[in-house]
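Enquirer: The chain contents come next:
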Amino acid sequence: MKFWIRNVPEHVPEAAHRIASACAKAGFDPIGCHQATVCAVEAINNAIVHAYREHNGYVAIRWQCTDSSLSIEVADRGIRMERDPDAVEPDPTTERGRGWHIIRAWMDEASYERRANENVVTMTKHLPAGLVANRPKTSSGPI
Amino acid sequence: MAFTVDQFAEVDVVRLPRRVMMADAPSIRNEIRTMVESGRRNIILDLSDVAFIDSSGLSVLISAREATRAVGGDVLLLKPTSIVRSLIELTRLQEVFEIFGSEEHAVQRLASTNVAMAVY
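Residue numbers (the numbering used here), protein chains in the order written: chain A, 14 to 156; chain B, 53 to 172.
So here's chain A without its partners, still in its complex pose (with noise of 0.2 Å):
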């Protein structure tokens, strides 16, 4: 499944919402579905802000269900990330650079490549066993 918004900050509740309604398809509980929509939005944000810039463009968000788990690609054609993200837990007095913390704490897996012209961050959350176990069958793949 995916979809574009343009990178203006005023696109992003309506994806906000679109991912926590394909977060709960999933069967993520709604805390799982709040981590993980935090972390596409943050993921969002950094694209509209650091990608874009003054630029006009468009996100393009994408994600995959498994019976185990969910990933959400968030792509974007901006400037390239000019180092890899911070791995160090930010001053909780600065008014940045918090996003790729949240991301890589409530998201269990996280990475950025430089893909065909793309920046792509790709983040996987994983059903906890429970809700594994008790998940309806249905057919894997996109949702």
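Be a bit skeptical, because a hint or two may be false.
Unchecked claim - According to the in silico footprint, chain A covers these stretches of chain B (three or more CB under 8 Å from chain A): (1) 79-93; (2) 106-112.
Said to hold, decoys possible - Taking CB as the label site, the calculated pair distances span: (3) 131/A to 163/B: 20 to 30 Å; (4) 131/A to 78/B: 25 to 35 Å; (5) 17/A to 164/B: 44 to 54 Å.
Worth flagging that the hints you see were computed from the coordinates, not collected in a lab.
All residues carry an ideal CB built from backbone N, CA and C; glycine is no exception.
Starting from the known structure of chain A, fit chain B onto it as the hints suggest.
Expert: Positioned in the frame of chain A, the structure of chain B alone reads:
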């Protein structure tokens, strides 16, 4: 207005909206700065209605703190929901802000600080 405000003598309780994201942050930040510039320096940020906040929203909290502290005031946080509290703790903002579960106690806290500074 990005939010509503209730005034209690020298303390303002800012009722933040349900959503505090990147699109909302500039207006909230600017309105708080306007309050501070008009002399309102003791502010309680009521988070009880906030259902979704991202790091842009957290930056607004920090910005408000910096603005009020620059003029001898302060910002307290009030009644974050459990999900918002989890983000606050993940980003260690509980080391930076006092967080209250009672509006009365938060108002008393800032009011007493104000009195102490006036006496001084």
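Enquirer: Hint by hint, say whether it matches the structure.
Expert: Taking the hints in turn, this is what the structure says about them:
1. 79-93: violated (count 0)
2. 106-112: holds (count 5)
3. 131/A to 163/B: 20 to 30 Å: violated, 54 Å
4. 131/A to 78/B: 25 to 35 Å: holds, 28 Å
5. 17/A to 164/B: 44 to 54 Å: holds, 52 Å
Checked against the numbered hints given earlier, the structure breaks hints 1 and 3 and satisfies all the rest.
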